[in-house]
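Listed here are the chains, written in short residue letters.
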Amino acid sequence: MSLNYAPVLWNRQKKIYDRVILGLMTLFLLVFIVLHIAFLPEVTVETLVIRSTGSLAFLMLHVILCIGPLARLDARFLPLLYNRRHLGVSMSLVAVVHGMFNIVQFHALGNVDPLISVFASNLHYGSAARFPFQALGFLALLILALMASTSHDFWLKNLSPKVWKSLHMMVYAAYALLVMHVMLGVIQLEKSPALILLTGAGMTCVLALHGAAARMGKKQERHEGRLLPEGFVEICDVSEISENRAKTVLIDGENIAVFKYNGKLSAVSNLCRHQNGPLGEGKIVDGCITCPWHGYQYLPHNGQAPPPFTEKLETYDVMLSGSTVCVNPKPYPAGTDRPPCRIEPITH
Amino acid sequence: MTPKLRIVHRRTWRTLALLLPLGFLAAVFNIPDRIADPGFSRHAFLALPILVRSGGTDQFPAQLRKGDPPESRFQVELTVKEPLTVPLALAYLTTGPAREVEDGILLGSLGSTGTYGFYIHLPEGLPDTLYLHLYNPVKKEVFQLLKL
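So the sequences go chain by chain: L and U. Numbering-wise (the working numbering), the first sequence opens with residue 1 and increments by one. Numbering-wise (the working numbering), the second sequence opens with residue 1 and increments by one.
Treat the hints as calculated values from the structure; they're not laboratory data. These numbers come from a predicted model, not from an experiment. Where a beta carbon is used, it is the ideal one built from N, C-alpha and C, also for glycine. Any given hint could be a false lead.
[Claimed, not checked] According to the in silico footprint, chain L covers these stretches of chain U (three or more CB under 8 Å from chain L):
id : segment
1  : 9-20
2  : 25-33
3  : 57-69
4  : 109-117
[Unchecked claim] Below 30 Å or equal to it, Euclidean Cα-Cα: the simulated DSBU-like pairs (lysine-lysine) are:
id : chain 1 : residue 1 : chain 2 : residue 2
5  : L       : K264      : L       : K157
6  : L       : K264      : L       : K283
7  : L       : K312      : L       : K330
8  : L       : K264      : L       : K330
9  : L       : K264      : L       : K162
10 : L       : K15       : L       : K157
11 : L       : K312      : L       : K218
12 : L       : K330      : L       : K14
13 : L       : K191      : L       : K15
14 : L       : K218      : L       : K330
15 : L       : K191      : U       : K81
16 : L       : K165      : U       : K81
17 : L       : K14       : L       : K157
18 : L       : K165      : L       : K312
19 : L       : K191      : L       : K157
20 : U       : K4        : L       : K330
21 : L       : K162      : L       : K218
22 : U       : K4        : L       : K162
23 : U       : K81       : L       : K312
24 : L       : K283      : U       : K4
25 : U       : K4        : L       : K157
26 : L       : K218      : L       : K283
27 : U       : K4        : L       : K218
28 : L       : K157      : L       : K330
With the hints as constraints, model all of the structure from the sequences given.
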């Protein structure tokens, strides 16, 4: 909500989130190091750092990639989504440590520039067993480092949401590069069935969760309501919408959230102006629609963020036909005040 | 998520769902039978029973050994106590400190920490002093000269 670069606006939730991340990372590293020393006592400190940080970063990336679809499939995972960027930045830092130690250990102390050596020391691109897997890891590291350095809202605003989102979707390319970095690197050398199974399981989990979330999203998009005069489309029965919650629909490309609150109905765009979060999965708090991702708020009757904030949503007309909620998918300009539809109590 | 973003996500994940398993299986089926670099395995060798003399330094202790007759070979036992800071190290044996390494006997290459054993033949008999040159072929310099 700020154009100026401001440091992280810490709140209690972020502090807890970060403490948990730090605690789990420390625990993983300790267990990894202890087990390595126990079973491979000859291992050097440099190799231990390389292996522990590489494993940790790879595991963290899997967790990060699973958070998105998990949050769509089950709202209980939403708290993990709120500060996912902290997890991403932490993972990038661990990956940078892994990369730097690798470059110094295997490519420094020679007569070729270390960064050139990463790409030039091994040119066996035609061999799976001897593939220059370090180049794959280096490219992935570049992507992750770029994402980590632009994860602040300052960059979201200044790069424009479209550019920022395109940049951050490169995490999928980074993931593919890292899976192959592991499969063509340590798996070729160690040949451990456990490592192969773990990598395969992680990859399957990420792919399966995204597939499930995509199927769920597609199911929700298919709305076949009856078309009424004046362009209104039937949505659902009013009893299907919980108090202070919304029903979301996609009609003619319009992503709409219809909120029920204080005996009224209002319809706004389902996409938060911050990062296109699903407003319809949020709720009304203190009279404002609250985005479940980062807490951005909007007034339901006009789609405007409460002062001093200036974000605005498109609004839509909504009416009741008996007990059936109907919405006109033609949007009004962002911030347009539209009178809410009153829900008349049923009298006998 | 906007409808356009959702479409891009779907296409991306369909591509990954196709390519990643293919890459994974290709890598698994191409795992070599023999590991090119044994990594952390101990350098196993059988030390000859008779210790002739010891030398070297604290970082590179060295011993000269020989076997029971009729075994006529000698064995140079060299221990690398701390990781080397050169990308490649070769061990040469000469009978004088100023001799060029190329005039000496190439014993072998050194890698990670551990103990290395190199068999040698000395048909002209055992000299009073042998010199072990630890040589960096990248920079073309002897980084350690050991007396034995």
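Okay, the hints, checked on the actual structure:
1. Evaluation of the coverage hint for the segment 9-20 of chain U: fulfilled, as 8 residues show C-beta separations to chain L shorter than 8 Å, against a requirement of three.
2. Here the segment 25-33 of chain U counts 6 residues with a CB under 8 Å from a CB of chain L, which clears the bar of 3, and the coverage holds.
3. Counting residues of the segment 57-69 of chain U whose beta carbon lies closer than 8 Å to any beta carbon of chain L gives 0, which falls below the threshold of three, so the coverage claim is violated.
4. Closer than 8 Å: that is the beta-carbon criterion, and the segment 109-117 of chain U has 3 residues meeting it against chain L, so the requirement of 3 holds.
5. Using a Cα cut-off of 30 Å, the hinted pair K264 (chain L) and K157 (chain L) is violated, with the two alpha carbons roughly 34 Å apart.
6. Restraint check for K264 (chain L) and K283 (chain L): the C-alpha separation of about 14 Å stays at or below 30 Å, so the hint holds.
7. Distance restraint check for K312 (chain L) and K330 (chain L): the Cα-Cα separation of roughly 16 Å lies within the 30 Å cut-off, and the hinted pair is therefore satisfied.
8. Restraint check for K264 (chain L) and K330 (chain L): satisfied, since their Cα atoms lie roughly 20 Å apart, inside the 30 Å limit.
9. Note on K264 (chain L) and K162 (chain L): the hinted pairing is violated, with a Cα-Cα distance of about 34 Å set against a maximum of 30 Å.
10. A threshold of 30 Å between alpha carbons decides the hint, and for K15 (chain L) with K157 (chain L) the separation of about 24 Å falls inside it, so the pair holds.
11. A threshold of 30 Å between alpha carbons decides the hint, and for K312 (chain L) with K218 (chain L) the separation of about 27 Å falls inside it, so the pair holds.
12. For the hint pairing K330 (chain L) with K14 (chain L), the CA-to-CA distance comes to about 39 Å; that exceeds 30 Å, so the pair is violated.
13. With a C-alpha separation of about 41 Å, the suggested pair K191 (chain L) and K15 (chain L) falls outside the 30 Å cut-off, and the hint is violated.
14. At most 30 Å may separate the alpha-carbon atoms for a hinted pair to count; K218 (chain L) and K330 (chain L) meet this at roughly 22 Å.
15. Between K191 (chain L) and K81 (chain U) the CA atoms are separated by roughly 28 Å; this keeps the pair inside 30 Å, and the hint holds.
16. At most 30 Å may separate the alpha-carbon atoms for a hinted pair to count; K165 (chain L) and K81 (chain U) exceed this at roughly 51 Å.
17. The suggested pairing of K14 (chain L) with K157 (chain L) holds, with an alpha-carbon distance near 21 Å, which does not exceed 30 Å.
18. Proximity of K165 (chain L) to K312 (chain L) is assessed by CA-CA distance (about 20 Å); at most 30 Å being required, the pair is judged to hold.
19. Distance restraint check for K191 (chain L) and K157 (chain L): the Cα-Cα separation of roughly 46 Å exceeds the 30 Å cut-off, and the hinted pair is therefore not satisfied.
20. With a C-alpha separation of about 19 Å, the suggested pair K4 (chain U) and K330 (chain L) falls inside the 30 Å cut-off, and the hint holds.
21. Between the alpha carbons of K162 (chain L) and K218 (chain L) the distance comes to roughly 23 Å, so the proposed pair stays at or under 30 Å and holds.
22. A hinted pair counts as satisfied when its Cα atoms are at most 30 Å apart, and K4 (chain U) with K162 (chain L) qualifies at roughly 11 Å.
23. For the suggested pair K81 (chain U) and K312 (chain L), the alpha carbons sit about 68 Å apart, so the restraint of at most 30 Å is broken.
24. Taken as a hint, the K283 (chain L) and K4 (chain U) pair is honoured in the structure, with Cα atoms around 25 Å apart against an allowance of 30 Å.
25. Under the criterion of a C-alpha separation no larger than 30 Å, the hint pairing K4 (chain U) with K157 (chain L) is consistent with the structure, at around 20 Å.
26. For the hint pairing K218 (chain L) with K283 (chain L), the CA-to-CA distance comes to about 22 Å; that is within 30 Å, so the pair holds.
27. Proximity of K4 (chain U) to K218 (chain L) is assessed by CA-CA distance (about 13 Å); at most 30 Å being required, the pair is judged to hold.
28. Distance restraint check for K157 (chain L) and K330 (chain L): the Cα-Cα separation of roughly 28 Å lies within the 30 Å cut-off, and the hinted pair is therefore satisfied.
The structure shown violates the earlier hints numbered 3, 5, 9, 12, 13, 16, 19 and 23.
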